[in-house]
Amino acid sequence: MSAIAHFLESEGIATTGISLVRENTVAFSPPRFLWVPFPLGRPLGVPSDPAFQHRVIAHALSLLERTTGPVLEDFPEDPPQVDEVAQFACPVSFAAEPSAAPESWSARLCDEVAQLSPWYAAAMAKRARTSVGILAETPAVLASELGACLDATVMLAPQRCKHLLEDLKAYYLESMAAQPGAQATQLATWMWRDTHLGAAILVLHANMRDADDASTREIAAALLPRWVIESEFARDAGGVGG
Amino acid sequence: MVRLSDLPDFEAQHLLAKNGTLPGPRAWVAPTRKLSQRKVVLITTAGIHRAGEEPFAASDASYRVLPGDTSGADFAMSHASVNFDRSGFQDDVNVVFPIDRFRELVAEQKVAALASHHYSFMGAGLTPPAYESSVRQLAEILRRDNVDTAFLTPV
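Chains as they are written, first to last, in the numbering used here: chain F, 1 to 242; chain R, 243 to 397.
Warning: the hint list may mix true and false statements.
Unchecked claim - If the Cβ cut is set under 7 Å, some of the chain F residues that face chain R in the computed set are: (1) H6; (2) E9; (3) A14; (4) T15; (5) I18; (6) R55; (7) H59; (8) V71; (9) L72; (10) A222.
As the list claims (entries may be wrong) - Reference listing, derived: stretches of chain F covered by chain R, where coverage requires no fewer than 3 residues with Cβ under 8 Å from a Cβ of chain R: (11) 19 to 29; (12) 32 to 41; (13) 116 to 129; (14) 149 to 157; (15) 165 to 177; (16) 184 to 197.
To be verified - Distance windows between CB atoms, simulated: (17) R:R386 to F:D78: 37 to 45 Å; (18) R:S278 to F:S215: 47 to 55 Å; (19) R:A272 to F:A27: 21 to 29 Å.
Quick caveat, the hints were computed from the structure, so don't treat them as lab data. Ideal Cβ placement from N, Cα and C applies to all residues, glycine included.
Isolated chain F (complex conformation) (with noise of 0.2 Å):
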């Protein structure tokens, strides 16, 4: 971000807009920012309150009348806080051990797709919009191809294997987002610590993190968030179909 700052100010078109990590913006002094305190991934704060986004945008705005920089400046407020609701019952019941059931994985990921879909259509219904759609093939299709070779210990070609899972986990995250009740924290550790998905995710990254190929080595790197990957579900993970 401050890279693209530095560039189009010295074409000469102003700049102005959000630092989600101050150290970095910090370091790298471009022209003019507004460091926000939301978390990574919410730049704007809060999704749909469009009164809190305004305010995040008006003071951003405002920076470009600063005569002299380069500007930094804090926003004041933290994200309202959100009432924890009792806690959050995944619809849908899944293995204990996910890795322990007896199917395929083609047909425990078929399975799972196919009983998400009716919250995956209220989530559609309520938002008139979704974000799966990187790769042309609907989920049921993704989770078919992701359990055949997952069965087969085949491998998938490293990028469409990212682009595949980044479909499946919006298709997951949206579903379960449109459950009463569901908070994203929850959401993140039930899909990564209860879902034959997030199981052979965790497969995947296990079969292909030590691979010869460094562009295997490097989607590997980009299948698990950090903090998975410091868990315990993921230690105990195995590889070479799960």
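Take the given structure of chain F and dock chain R to it, following the hints.
Frame of chain F, contents of chain R only:
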């Protein structure tokens, strides 16, 4: 969040490792017009694009064009990082790409106009010099679109 003191040490160290410097002399455009006279482009590094468009690669300094009349309803996100929360974007595209908010600013005549197109990069895994070529090329396009101001959002 995101105060480094609130993060696990491995996350804080990872983010601090991204610190660096920008090449060349410091750039600065002095203010010459009011906000209500500015034509604004939105540029995000969230790695979003229209569904079905070529996804971003693992290390990728290119950009995708987001048409100015887009609703944002069909955006996918192929950002390489898995270390940020995507649920906000899935709920409301404006939390990373505030197109509806800027349309409201134009309707209220607080901003003069928006660019005919907006742009998405994927900010991960590369140092600043990697972006110079594509950003300078984009700057020429923005000048032809009479854009004088860019609003930048990370992810």
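These are the hints, each one checked on the structure:
1. Given hint, H6 of chain F at the interface with chain R, holds; its Cβ is 5 Å from that chain's nearest Cβ, closer than 7 Å.
2. Among the interface hints, the one on E9 of chain F holds; its C-beta lies about 4 Å from the nearest C-beta in chain R, closer than the 7 Å criterion.
3. Against a cut-off of 7 Å between C-beta atoms, the interface hint on A14 of chain F holds, since the closest Cβ of chain R lies about 4 Å away.
4. With 7 Å as the threshold, the beta carbon of T15 of chain F comes within range of chain R, its nearest partner Cβ sitting at about 5 Å, so the hint holds.
5. Evaluation of the I18 of chain F hint against chain R yields a held restraint, the C-beta minimum of about 5 Å falling below 7 Å.
6. At a threshold of 7 Å, the smallest CB-CB gap from R55 of chain F to chain R is about 10 Å, leaving the interface hint violated.
7. The interface hint given for H59 of chain F is broken, as the beta carbon of that residue sits about 12 Å from the closest beta carbon of chain R, more than 7 Å.
8. The beta carbon of V71 of chain F comes no nearer than 10 Å to any beta carbon in chain R, farther than 7 Å, and the hint placing it at the interface is violated.
9. For L72 of chain F, the suggested interface contact is broken, since its CB lies about 13 Å from the closest CB of chain R, more than 7 Å.
10. Using the Cβ-Cβ criterion of 7 Å, the hint placing A222 of chain F at the interface with chain R is satisfied: the shortest such distance is roughly 5 Å.
11. Given a C-beta distance limit of less than 8 Å, the hint that chain R covers the region 19 to 29 of chain F holds, as 9 residues qualify and 3 suffice.
12. Remark: the region 32 to 41 of chain F is confirmed as covered by chain R, as 6 of its residues place a Cβ nearer than 8 Å to a Cβ of that chain, reaching the required three.
13. With 3 residues carrying a beta carbon less than 8 Å from a beta carbon of chain R, the region 116 to 129 of chain F meets the three-residue requirement, and the given coverage holds.
14. Counting residues of the region 149 to 157 of chain F whose beta carbon lies closer than 8 Å to any beta carbon of chain R gives 0, which falls below the threshold of three, so the coverage claim is violated.
15. With 7 residues bearing a CB less than 8 Å from a CB of chain R, the region 165 to 177 of chain F meets the requirement of three and the coverage assertion stands.
16. Proximity of the region 184 to 197 of chain F to chain R, defined as three or more residues with a beta carbon under 8 Å from a beta carbon of that chain, is established by the 3 residues found.
17. As the Cβ distance of R386 of chain R to D78 of chain F is approximately 41 Å, the hint placing it in 37 to 45 Å holds.
18. Range check, S278 of chain R to S215 of chain F: about 49 Å between beta-carbon atoms, so the 47 to 55 Å window is met.
19. The hinted window of 21 to 29 Å between A272 of chain R and A27 of chain F holds, with their beta carbons roughly 24 Å apart.
Checked against the numbered hints above, the structure breaks hints 6, 7, 8, 9 and 14 and satisfies the rest.
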